[in-house]
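Let's have the full structure, built from the sequences with the hints guiding it.
Numbering (the numbering used here), first residue to last: 400 to 622.
Don't read these hints as lab results, they were simulated from the structure.
Among the hints, erroneous ones may be present.
Unchecked claim - Listed next, the in silico DSS-like pairs over lysine-lysine satisfying Cα-Cα at most 27 Å (straight line):
| # | residue 1 | residue 2 |
| --- | --- | --- |
| 1 | Lys453 | Lys610 |
| 2 | Lys453 | Lys538 |
| 3 | Lys442 | Lys465 |
| 4 | Lys559 | Lys610 |
Claimed, not checked - Label pairs and their calculated CB-CB ranges:
| # | residue 1 | residue 2 | range |
| --- | --- | --- | --- |
| 5 | Gly477 | Glu603 | 19 to 25 Å |
| 6 | Arg616 | Arg501 | 45 to 51 Å |
| 7 | Asn551 | Asp472 | 37 to 43 Å |
| 8 | Cys456 | Glu603 | 28 to 34 Å |
| 9 | Cys456 | His523 | 38 to 44 Å |
| 10 | Arg501 | Asn551 | 41 to 47 Å |
| 11 | Gly464 | Glu422 | 21 to 27 Å |
| 12 | His539 | Gly477 | 23 to 29 Å |
| 13 | Lys610 | Glu535 | 38 to 44 Å |
| 14 | Glu603 | Lys453 | 29 to 35 Å |
We put the CB at the ideal spot given by N, CA and C, even for glycine.
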Amino acid sequence: MSDANATEMVMILDRSGSMGGLESDVIGGFNAMVEKQRKQEGKAYLTTILFSGKSFCLHDRLDIGKVPLMTGDTYTVGGCTALCDAIGDAIRHIETVHRYVRPEDVPARCVFIIMTDGLENASHRYTADEVRLMIEEKKHEKGWDFLFLGANMDAVETAKSYGIDAGGAVDFDCDEDGVRVSYDTLNEALTTYREAPPTGAVFEDGSWSEKIRQNHRRRVRKQ
400 MSDANATEMV
410 MILDRSGSMG
420 GLESDVIGGF
430 NAMVEKQRKQ
440 EGKAYLTTIL
450 FSGKSFCLHD
460 RLDIGKVPLM
470 TGDTYTVGGC
480 TALCDAIGDA
490 IRHIETVHRY
500 VRPEDVPARC
510 VFIIMTDGLE
520 NASHRYTADE
530 VRLMIEEKKH
540 EKGWDFLFLG
550 ANMDAVETAK
560 SYGIDAGGAV
570 DFDCDEDGVR
580 VSYDTLNEAL
590 TTYREAPPTG
600 AVFEDGSWSE
610 KIRQNHRRRV
620 RKQ
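Structure representation (structure tokens):
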């Protein structure tokens, strides 16, 4: 038994040094997403993990209606990219929370959204193989969903190395327009996800990310 009216959303966001200059775009996109999700029917809980060389939990499973908006004080950049540690810590945290709440209070939907503009280069607690095994286990045993938005890399291949299906991965452009399109698209996808039956395969075919892919292809052709 689980709560069919509730959704667990976990945002894992890059704040390494290479994100410098995009702070206002990330903050604006994130806040617009929060404000829209507040208006949707149903319960939603948001966990926001910011990572560089270390991870920081900005929002710890807050009711979406009570999530403080991000500011220039709470989203600052600098450092390396300990991506595996951020993912591993987030999975373990949500796993622990779900273990100790009543079964009927566990959200029927759970989605992790990973957004990074660089490859792993600083983790020391988890390896890519360990993260892959964790993700595959949660997908198959719990029905959790995972999305991976990557810039300056082959996002699909990188996501596969972590056990994330190709349909859940997309390349985005790490600039003002690319960040805006990514958050707009995520907002639409999360709305659909929350409205769909808990067993619905919302992200499987990759159609959720079509606007991001179109924007990326258009930019590549212009180069």
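Hints and how they fare:
1. Proximity of Lys453 to Lys610 is assessed by CA-CA distance (about 31 Å); at most 27 Å being required, the pair is judged violated.
2. Annotation: proposed proximity of Lys453 to Lys538 holds, straight-line Cα distance about 26 Å (limit 27 Å).
3. For a cut-off of 27 Å, the pair hint linking Lys442 to Lys465 stands: about 12 Å separates their Cα positions.
4. For the hint pairing Lys559 with Lys610, the CA-to-CA distance comes to about 21 Å; that is within 27 Å, so the pair holds.
5. At about 36 Å, the beta-carbon gap between Gly477 and Glu603 misses the expected band of 19 to 25 Å.
6. Between Arg616 and Arg501 the beta carbons are some 46 Å apart, a value that agrees with the proposed interval 45 to 51 Å.
7. Look at Asn551 against Asp472: about 27 Å separates their beta carbons, and that is not inside 37 to 43 Å.
8. A hinted range of 28 to 34 Å for the beta carbons of Cys456 and Glu603 is consistent with their spacing of about 29 Å.
9. Under the hint 38 to 44 Å, the C-beta atoms of Cys456 and His523, about 18 Å apart, miss the expected range.
10. Taking the beta carbon of each, Arg501 and Asn551 are about 43 Å apart, inside 41 to 47 Å as hinted.
11. In this structure the supplied range 21 to 27 Å holds for Gly464 paired with Glu422, their Cβ-Cβ distance being about 25 Å.
12. For the pair His539 and Gly477, the supplied restraint of 23 to 29 Å is violated, since their beta-carbon distance comes to about 37 Å.
13. For the hinted restraint 38 to 44 Å between Lys610 and Glu535, the CB-CB distance of approximately 28 Å leaves it violated.
14. Taking 29 to 35 Å as the suggested C-beta distance range, the pair Glu603 and Lys453 conforms, at roughly 33 Å.
When each numbered hint is compared with the structure, violations occur for hints 1, 5, 7, 9, 12 and 13.
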